[in-house]
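Peer 1: Sequence:
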Amino acid sequence: MRLRVAVDAMGGDRAPAVVVEGAVAAARQAADHLDVLLVGPEADLRALMQAHDDAAGLPLHLVDAPEVIAMGEAPTTALKTKPNSSIHRGLQAIRAGQADVFVSAGNTGAVMAAALFILGRVPGVARPALPALFPNPQQRPTVVVDVGSNVDCKPEHLVQFGLMGAIYAERILHREHPTVALLNIGEEPGKGNEQIKEAYRLFSETPSLRFKGNIEGRDLLQYTADVVVCDGFVGNIILKLGESVATILPQMIGQEMQRQGLAPDEQALVARVLRGALRCFDYQEFGGVPLLGIDGHVLIGHGGSSARAIERMILNGAEFARQNVAGAIKSALAS
2 MRLRVAVDAM
12 GGDRAPAVVV
22 EGAVAAARQA
32 ADHLDVLLVG
42 PEADLRALMQ
52 AHDDAAGLPL
62 HLVDAPEVIA
72 MGEAPTTALK
82 TKPNSSIHRG
92 LQAIRAGQAD
102 VFVSAGNTGA
112 VMAAALFILG
122 RVPGVARPAL
132 PALFPNPQQR
142 PTVVVDVGSN
152 VDCKPEHLVQ
162 FGLMGAIYAE
172 RILHREHPTV
182 ALLNIGEEPG
192 KGNEQIKEAY
202 RLFSETPSLR
212 FKGNIEGRDL
222 LQYTADVVVC
232 DGFVGNIILK
242 LGESVATILP
252 QMIGQEMQRQ
262 GLAPDEQALV
272 ARVLRGALRC
282 FDYQEFGGVP
292 LLGIDGHVLI
302 GHGGSSARAI
312 ERMILNGAEF
322 ARQNVAGAIK
332 SALAS
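For the sequence shown, the positions run 2 to 336 when this note's numbering is used.
Treat the hints as calculated values from the structure; they're not laboratory data.
Cβ coordinates follow ideal geometry from the N, Cα and C atoms, glycine included.
Careful, some of the hints might be misleading.
[Said to hold, decoys possible] Once the Cα atoms are required to be at most 25 Å apart in a straight line, the calculated BS3-like pairs of lysine-lysine come out as:
1) K155 with K192
2) K213 with K192
3) K213 with K155
4) K83 with K155
5) K155 with K198
[As the list claims (entries may be wrong)] Taking CB as the label site, the calculated pair distances span:
6) P138 with S336: 35 to 41 Å
7) G121 with I249: 39 to 45 Å
8) A71 with A278: 32 to 38 Å
9) D14 with G121: 50 to 56 Å
Given these sequences and hints, build the entire structure.
Peer 2: Right, here's the structure in full:
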């Protein structure tokens, strides 16, 4: 089954050159089962593709979108004034049945707003949510949801995040009967603010979920549950903290090696081991996160994405569509 990935060629701090480079790499790697649709100003994209010798023979297709929504633009204004943007055209390709998934490292608010407007929510979903994978020594990444889509949530929204996160864990991480936990300041049922206490009660009364109760922040990087639920305000803070680990820790260890007087070859060995250990914190390995609850498949990447991150986002987006996560969420809510 060939899948079609629409790529926002104008999304990201280093677009479109880096996006084209990543798209070429993804098309090269998955040429036997993937078509990549680059969405943006056609003349500009065609010129950039000429820098890649093998691009002409790859399953790469151009979709003209003459308008660009900048990273700092207000989403609602941009959506009204730029109907021919790369974000609009990419999402419209899904609605028209011309693409199976849309990926973008562009303006997150604009992508989310456009996805809601063009594709809509899965029936029954109150709030779409963004999941992220958190590593642990057990090599069983935990799905943390929401990591930024909703800063203010009702308790029932958190339960729905748990449901969607569990489906994501089943389809993408291949976890059978995934467990769900609630992020809190203590493990006891009576801990937390009123929102969390009520969410705990609702989770406990939801038989379709394997609810494990509360976990604390110290448990996030240990495998304690397949899915951990929090609101997007808390989730985005811990996501950004996790991303910073891969940058700050090597700096601190490098400074300490200098103070300890380690030889250059010893420093190089430690640095190599550390890079390998911290690779799981590097967003470029994942590329992007899916927008769960949208009636279609959409992935949102980091604004600073490299070509490698774009490549990974395209390939992961194809797998997201292949596993039909949106369809599984729709079926679960319908039942």
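Peer 1: So, for every hint listed, does it hold in this structure?
Peer 2: Hints, one by one, checked against the model:
| no. | hint | result |
| --- | --- | --- |
| 1 | K155 with K192 | holds (17 Å) |
| 2 | K213 with K192 | holds (15 Å) |
| 3 | K213 with K155 | holds (20 Å) |
| 4 | K83 with K155 | violated (33 Å) |
| 5 | K155 with K198 | holds (11 Å) |
| 6 | P138 with S336: 35 to 41 Å | holds (36 Å) |
| 7 | G121 with I249: 39 to 45 Å | holds (40 Å) |
| 8 | A71 with A278: 32 to 38 Å | holds (37 Å) |
| 9 | D14 with G121: 50 to 56 Å | violated (29 Å) |
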